[in-house]
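Number of protein chains: 2
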Amino acid sequence: MEWVEIIGILAGFFTTIGAVPQIVKAYHSKSVGDVSVWMFFAILAGVILWTIYGLIQKDWPIIITNGISMLLNGTMIYFYYKFTEKSFTRKKR
Amino acid sequence: MEWVEIIGILAGFFTTIGAVPQIVKAYHSKSVGDVSVWMFFAILAGVILWTIYGLIQKDWPIIITNGISMLLNGTMIYFYYKFTEKSFTRKKR
Chain A
11 MEWVEIIGIL
21 AGFFTTIGAV
31 PQIVKAYHSK
41 SVGDVSVWMF
51 FAILAGVILW
61 TIYGLIQKDW
71 PIIITNGISM
81 LLNGTMIYFY
91 YKFTEKSFTR
101 KKR
Chain B
11 MEWVEIIGIL
21 AGFFTTIGAV
31 PQIVKAYHSK
41 SVGDVSVWMF
51 FAILAGVILW
61 TIYGLIQKDW
71 PIIITNGISM
81 LLNGTMIYFY
91 YKFTEKSFTR
101 KKR
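Going line by line, the protein sequences match chains A and B. Mapping of the first sequence onto our numbering: residues 11 to 103, in sequence order. Mapping of the second sequence onto our numbering: residues 11 to 103, in sequence order.
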């Protein structure tokens, strides 16, 4: 395996798992007030398009890395609304 | 220009500007307590590696999109410490 391939795999790894630290923090703190959900919508739109791009090109590394990113960014959007709703219902009581 | 190229450009656009909504929110709210800085470090590591990958491959779209992402994610990391420090000094007074 050449150097450039290793750099590509490492690069793909870091950009794929990028959302994980924010997911973990939101899950533990249940507080997302400072988080911009639009960031995750923008990235989700991007990785959905990259997945389609990969499918058309039959490029498996692009399909897999962006497919995982889709799941992770989708999870963070779900957490955003779940913990925003929770703090909203708490205020109503 | 073929369909697949348009999809690739759009995908690159969304993933490149992904950090912008969070940067704008942090700049206006000056509050970053719920934000995970490790997310931006992970993505920064990834886009630095993608930029190196692009330089080796002489692939200008990869160099440009990830170069911009480097600046944006670097900006968010700067904002994170700037607004975290500020709220820290306010507590100390």
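Worth double-checking, as some hints may not be accurate.
Identical copies look the same in the list; a pair holds intra-copy or inter-copy alike.
[To be verified] Dumping the calculated SDA-like pairs for lysine to any residue here, alpha-carbon to alpha-carbon at most 20 Å:
hint, residue 1, residue 2
1, Lys35, Trp48
2, Lys40, Leu20
3, Lys40, Ile58
4, Lys68, Trp13
5, Lys35, Ser46
6, Lys35, Leu65
7, Lys40, Glu15
8, Lys35, Phe93
9, Lys92, Gln67
10, Lys68, Thr94
11, Lys40, Leu82
12, Lys35, Lys68
13, Lys68, Ile33
14, Lys92, Ile58
15, Lys35, Ile78
In short, the hints are calculated from the structure, not lab data. From a predicted model like this one, the values you see are computed outputs, not experimental measurements.
Results for each hint:
1. Lys35 to Trp48: This pair counts as both: shortest intra-copy Cα distance 18 Å, inter-copy 10 Å.
2. Lys40 to Leu20: neither (31 Å within a copy, 33 Å between copies)
3. Lys40 to Ile58: neither (27 Å within a copy, 31 Å between copies)
4. Lys68 to Trp13: Answer is between: at 15 Å across copies they meet the 20 Å cutoff, but 23 Å inside does not.
5. Lys35 to Ser46: both (14 Å within a copy, 6 Å between copies)
6. Lys35 to Leu65: Neither way: Lys35 and Leu65 sit 32 Å apart in one copy and 34 Å across, limit 20 Å.
7. Lys40 to Glu15: neither (39 Å within a copy, 40 Å between copies)
8. Lys35 to Phe93: So Lys35 and Phe93 pass the 20 Å test inside a copy (12 Å) and across (18 Å) alike.
9. Lys92 to Gln67: This pair counts as neither: shortest intra-copy Cα distance 36 Å, inter-copy 43 Å.
10. Lys68 to Thr94: Intra 39 Å, inter 44 Å, cutoff 20 Å: neither.
11. Lys40 to Leu82: within (17 Å within a copy, 26 Å between copies)
12. Lys35 to Lys68: neither (35 Å within a copy, 37 Å between copies)
13. Lys68 to Ile33: neither (30 Å within a copy, 35 Å between copies)
14. Lys92 to Ile58: Neither. Shortest intra-copy (22 Å) and inter-copy (33 Å) distances fail the 20 Å Cα cut-off.
15. Lys35 to Ile78: within (19 Å within a copy, 26 Å between copies)
Of the numbered hints stated above, those contradicted by the structure are hints 2, 3, 6, 7, 9, 10, 12, 13 and 14, listed in ascending order.
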